Amino acid sequence: MQNTAAVAASGKRMSAMKMKKLEGNVKLRIAQIGFLAVLLLLWEVGARMGWISTFLFASPGKICDTLSNRIASGELFHDIWVTGKETVLGFLFGSLLGSFLGLLLWCSEFVAKFSKPYVAAIGSIPVMVLSPLVIIWFGTGIASKVAIVTFSCIFVSLSSAYEGAMQVDPDLLNLMRSFGASKFQIFCKVVVPSSMTWVVSGFKMNIGFAIVGAIVGEYISSDAGIGHMILMGSNSFHIHVTLAGLVTTMVFVFVLNIAVGALEKVLLRWKR
Amino acid sequence: MDENVKLEAKGIYKEFDEENPITILRDVSFVAKKQEFVSFVGPSGCGKTTLFNIIAGLLEPTGGNIYIDSEQTTGTVSSQIGYVLQKDLLLPWRTIEENVILGLEVRGMKKSEAKDRATEYFKSYKLDGYQKKYPSELSGGMKQRVALMRTMIMEPEIILMDEAYKALDYPLKIDLESELLSTVKENKKTVIYITHDIEEAVTLSDRVYIMKARPGEIVREMEIDLGVDSTRMNERRASKKFNDYYETIWQSMGTSK
Ligand SMILES: Nc1ncnc2c1ncn2[C@@H]1O[C@H](COP(=O)(O)OP(=O)(O)OP(=O)(O)O)[C@@H](O)[C@H]1O
Ligand SMILES: [Mg+2]
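One line per chain: the protein sequences are Z and F, in this order. Counting with my numbering, you get residues 1 to 272 for the letters of the first sequence. Counting with my numbering, you get residues 1 to 257 for the letters of the second sequence.
So that you can see chain Z by itself, here it is in the shape it has in the complex (with noise of 0.2 Å):
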């Protein structure tokens, strides 16, 4: 009896810390909230006595006012849909296909050594400088950005799955030798899975090269997107579309590294 009591107290011990834990999470969101609200409020107030100049900083109420008109007329999603394709095509392709070439350059000391100038080289192209070229061979469509993005994304994962690849530890690849199982086996049961966590980081940093790769590949050349709204705003001066623009891309950035977060709980949920 004297036993379950103490069992029970513990449990409300931990129960009580999980709550205070629970409720520090809960003082801190408000406090962050509490901040971008006061700042978004004196952006507000300035602009409407004047102290700020609408005509360079907008106003939150008129990038509001902007958002709901696009929401309305359905342009924003248009827009989203058309950044959102470019992006996420590009990221799945590119980490995709850059993971796997990454993982596989395990497999052959030779060609990792023979490519590693050539990787080196061509991933320190800025995809500034080779969009211009993308563009005039994949066209202005979405097949163009959906390359630039794969560009932005599969060398950063190429060198994050090689890496996580090569710090397999020596000794694991020696009990599945004294096993005597095959490069196959010891690549698909041990080389793969142990290489996870950094293929995953590969992920987490293409979220932002591909918002990038796929916003730049509008600039250049669009008639539809979120690069597309921002640039039209800014080249006529209407600074609370380019700002609407911005808040878009930042909620749509938001998502993704939720989307990613999940597939990270899936794909690493043996940590904890």
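Some clues are possibly wrong.
[Said to hold, decoys possible] Just a few of them, taken from the derived set where beta-carbon distance is under 10 Å, the chain Z residues facing chain F:
no.: 1; residue: M166
no.: 2; residue: D169
no.: 3; residue: S182
no.: 4; residue: S194
[Said to hold, decoys possible] With a straight-line cut-off of 27 Å between C-alpha atoms, the simulated DSS-like cross-links for lysine-lysine are:
no.: 5; chain 1: Z; residue 1: K189; chain 2: F; residue 2: K133
no.: 6; chain 1: F; residue 1: K111; chain 2: Z; residue 2: K183
no.: 7; chain 1: Z; residue 1: K85; chain 2: Z; residue 2: K204
[Claimed, not checked] Anything over 10 Å on all C-beta distances counts as not near chain F; from chain Z, calculated:
no.: 8; residue: V38
no.: 9; residue: L40
no.: 10; residue: R48
no.: 11; residue: N69
no.: 12; residue: I71
no.: 13; residue: W81
no.: 14; residue: V119
no.: 15; residue: P126
no.: 16; residue: L172
no.: 17; residue: V190
no.: 18; residue: S221
no.: 19; residue: F237
no.: 20; residue: H240
no.: 21; residue: V247
no.: 22; residue: V255
Just so you know, these hints were derived from the structure itself, not from any lab. Given the structure is predicted, the values throughout are model-derived calculations rather than measurements. C-beta: ideal position from N, C-alpha, C; glycine also.
Model the placement of chain F with the ligands on the given structure of chain Z, informed by the hints.
Below, chain F with the ligands alone, put in the same frame as chain Z:
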């Protein structure tokens, strides 16, 4: 060749680094008889792990040969050998059960069949109920037990153990060693064991090889008979002969430096 010999190494040499060769192992020869517990003691860096990698067929010796049941196996991995490496090396993304059947899987056994076979091992290794846990949820001692189980489930005739219990605290080490000794005696295995620890070598072994470093050589071979039947470490250690063996090995390690 002696019928009783399970594994024999003849004149093993090993050099690393072709341009500026350093001899790591020089003329190492030894035998492990059937069901014998043979230990190697020697200072760090004398080439014990290198010798094990050669015995296991993971490394080619520069010279010499390995024989199992009088058949030459140099440089090839034999299914008769189970190798427990210096670290537990459990795969963190696999459950304990999946870790235990890793070797069987590599051999091409069906997962369901392998898991069936694992069931009794989980019982006899006192890990029943831990099948679905991940290695991160187990203590160091449990992990070592899983590593041993992963090797034993392959039913090897010869078990190589490279300081498998080094990282554990003393009482746990004593427990696991007692368990090991009774398991291998029961299942009639031949064990070749590496340790730094003279006490451990005397308590566990039927025979001890003492090595020195630079280059790694065997300086002495010693038969051990504590005259105790028990497989409990503390009871074996209480043998009157223990101190003499300990002292002799200590002396030959000291003079070999
Ligand atoms: N692949 C390698 N290339 C070059 N030198 C090596 C290699 N592997 C081991 N050595 C060297 O061989 C020597 C023996 O190493 P080994 O790991 O066999 O020693 P050990 O007796 O197992 O030591 P410890 O007790 O610390 O585990 C060391 O000096 C080590 O630096
Ligand atoms: Mg060693």
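Here is how each hint holds up against the structure:
| no. | hint | result |
| --- | --- | --- |
| 1 | M166 | violated, 18 Å |
| 2 | D169 | holds, 7 Å |
| 3 | S182 | holds, 8 Å |
| 4 | S194 | holds, 7 Å |
| 5 | K189/Z to K133/F | holds, 19 Å |
| 6 | K111/F to K183/Z | holds, 20 Å |
| 7 | K85/Z to K204/Z | holds, 18 Å |
| 8 | V38 | holds, 43 Å |
| 9 | L40 | holds, 44 Å |
| 10 | R48 | holds, 56 Å |
| 11 | N69 | holds, 49 Å |
| 12 | I71 | holds, 43 Å |
| 13 | W81 | holds, 36 Å |
| 14 | V119 | holds, 28 Å |
| 15 | P126 | holds, 36 Å |
| 16 | L172 | violated, 6 Å |
| 17 | V190 | violated, 7 Å |
| 18 | S221 | holds, 44 Å |
| 19 | F237 | holds, 54 Å |
| 20 | H240 | holds, 49 Å |
| 21 | V247 | holds, 39 Å |
| 22 | V255 | holds, 28 Å |
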